[in-house]
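Number of protein chains: 2
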Amino acid sequence: MSLETVAANRSFGGWHKRFRHHSTTLGCDMVFAIYLPPQAEHGPVPVLYWLSGLTCTDENFMQKAGAQRMAAELGIAIVAPDTSPRGEGVPDDPEGSYDFGHGAGFYVNATHAPFDKHYRMYDYVVSELPTLVEASFPVSDARAISGHSMGGHGALVIALKNPGRYRSVSAFAPIANPTDCPWGRKAFTGYLGEDETAWREWDTCALIAEAPERLPLLVDQGEADPFLEDQLRPQRLAQACERANHPLTLRMQPGYDHSYYFIASFIDEHLRHHAAALRR
Amino acid sequence: MSLETVAANRSFGGWHKRFRHHSTTLGCDMVFAIYLPPQAEHGPVPVLYWLSGLTCTDENFMQKAGAQRMAAELGIAIVAPDTSPRGEGVPDDPEGSYDFGHGAGFYVNATHAPFDKHYRMYDYVVSELPTLVEASFPVSDARAISGHSMGGHGALVIALKNPGRYRSVSAFAPIANPTDCPWGRKAFTGYLGEDETAWREWDTCALIAEAPERLPLLVDQGEADPFLEDQLRPQRLAQACERANHPLTLRMQPGYDHSYYFIASFIDEHLRHHAAALRR
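Line by line, the protein sequences give chains A and B.
Numbering of the first sequence is given in numbering that gives the first Met the number 0, commencing with residue 0 and proceeding in unit increments.
Numbering of the second sequence is given in numbering that gives the first Met the number 0, commencing with residue 0 and proceeding in unit increments.
Pulled out of the complex, with its shape left as it was, chain A reads as follows (with noise of 0.2 angstroms):
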């Protein structure tokens, strides 16, 4: 598990670091960084996991959240993977679209030739990466996890398949329910497969009726999201919850677009609320 330092910025007294290292379970190359706040050279602090959109890799959210300050300010570590498996060797979308393929991976494990050898974003970002991450830098093993659009669903998703593993979620505008939405039938018809059985394990609004676990969701959606009625549908989401009784805190930003200035105007809320849930 050798890691390659690719960059290294000091940050509010803290570092952000980018490292390239070989993922087994991609079977490639990959890209990811890690904000260490001021306290990590003291001590193991928490780590967020930071799961980003279509088209993202790591630099997206350390480059545009804001998330830095307060993350240094609360002692918290913020982990960005890439989206997707990448390089030659991987599979893309042989129509070079956004939405599938390169900076598409959805957070799944595919099952479907010929994406299932590379696209296993799902085992990458539960097992492989915090692996790496807990063995590698000064971080415990109290973990939080939030991502926005397509990472807001691999947040919700990935939380409510691992019970105990995180002790609190968020997401920025979710895909709350990809199983009827374009962008996830899109992506699921070509990783896991036509068989929409197999789909439901991947969906948030059908693993909340049977979730083990009540994590309360934390979520955040503008109101002027361009993709809030086709793709996102939130309200899926809060119907989901109330019919079992799962906790939701879910926002409605009036104005707030489905961008960077939106996540970066309540990241510092959110961080707030996964502290909480870290400290204890």
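One thing to keep in mind: the hints can contain errors.
Same chains, same label: a pair holds when it works inside one copy or across any pair of copies.
[As the list claims (entries may be wrong)] SDA-like cross-link-like pairs, simulated, lysine to any residue; straight-line CA separation at most 25 angstroms:
| hint | residue 1 | residue 2 |
| --- | --- | --- |
| 1 | Lys116 | Ala141 |
| 2 | Lys116 | Gln238 |
| 3 | Lys63 | Pro37 |
| 4 | Lys63 | Thr4 |
| 5 | Lys185 | Glu133 |
| 6 | Lys16 | Ala223 |
| 7 | Lys16 | Glu222 |
| 8 | Lys16 | Arg250 |
| 9 | Lys16 | Pro253 |
| 10 | Lys160 | Arg279 |
| 11 | Lys185 | Glu228 |
| 12 | Lys185 | Ser96 |
| 13 | Lys16 | Pro225 |
| 14 | Lys16 | Pro37 |
| 15 | Lys63 | Phe265 |
| 16 | Lys16 | Thr188 |
| 17 | Lys63 | His272 |
Rather than coming from a laboratory, the hints here were simulated on the basis of the structure.
Because the structure is a prediction, the values reported are computed rather than measured.
Following the hints, put chain B in place on chain A, whose structure we already have.
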């Protein structure tokens, strides 16, 4: 003076907006960004002009500096122009370098053909853009100016050449002595010609000696900045200020580099510095 909206994003209760307009000073269309804090809905707010560095557009600062949170708290608008004239009709460096031509206007008025027709970023930033901004948005004529690297040079030179026009000035890693560093000498040769006596009116260290107004300078400089010794030379600025008894707060920041991670780490302190002056 018509403005075409390019983008509008809600941000920290205010608005980040981008506009395109035709600049008569530069003889081309230009895009700039403005952050309007929530207070602008209730009356005029003061404005900080931010000048970016080589290769940047208006987007780098707005996306990466994390300035909107504190600007919203303090009630300050921020205007970020582009770093040069652009477009097919605007001559670029024939060698296509990053440090001359498009993206590298150096905030001077060029006198040397073929650049003298378009490269008048000084007049644009000092006159045309503020006139447009103050006519178009709920802002007052209380102005501050700051910038990074090439833009730090621009902010210092513009403040020094315009006593009374800015309430405060600051810079991150400015090119402090452009007449005696590779970036500056290349740009000034191209924009101003071979006669180095004409360069002096665009050099902070030369202007400090005869400054009619002793506006205090706040400068942050990363000690791990790879351009520190060859290009930026903050010690020249310190010497010039000491000789002229010009007030300077030069803060060397251990471990910080030239990136926006550095800027983001200290932007709040610069905004507070400007807010204190703008409130007077």
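Hints and how they fare:
no. : hint               : in the structure
1   : Lys116 with Ala141 : neither (30 angstroms within a copy, 60 angstroms between copies)
2   : Lys116 with Gln238 : neither (36 angstroms within a copy, 62 angstroms between copies)
3   : Lys63 with Pro37   : both (20 angstroms within a copy, 21 angstroms between copies)
4   : Lys63 with Thr4    : both (21 angstroms within a copy, 22 angstroms between copies)
5   : Lys185 with Glu133 : neither (34 angstroms within a copy, 48 angstroms between copies)
6   : Lys16 with Ala223  : between (33 angstroms within a copy, 15 angstroms between copies)
7   : Lys16 with Glu222  : between (34 angstroms within a copy, 18 angstroms between copies)
8   : Lys16 with Arg250  : between (32 angstroms within a copy, 24 angstroms between copies)
9   : Lys16 with Pro253  : between (35 angstroms within a copy, 17 angstroms between copies)
10  : Lys160 with Arg279 : within (22 angstroms within a copy, 56 angstroms between copies)
11  : Lys185 with Glu228 : within (17 angstroms within a copy, 53 angstroms between copies)
12  : Lys185 with Ser96  : within (11 angstroms within a copy, 42 angstroms between copies)
13  : Lys16 with Pro225  : between (33 angstroms within a copy, 17 angstroms between copies)
14  : Lys16 with Pro37   : within (13 angstroms within a copy, 34 angstroms between copies)
15  : Lys63 with Phe265  : both (13 angstroms within a copy, 16 angstroms between copies)
16  : Lys16 with Thr188  : neither (35 angstroms within a copy, 38 angstroms between copies)
17  : Lys63 with His272  : both (20 angstroms within a copy, 24 angstroms between copies)
Checked against the numbered hints given earlier, this structure breaks hints 1, 2, 5 and 16; the rest are met.
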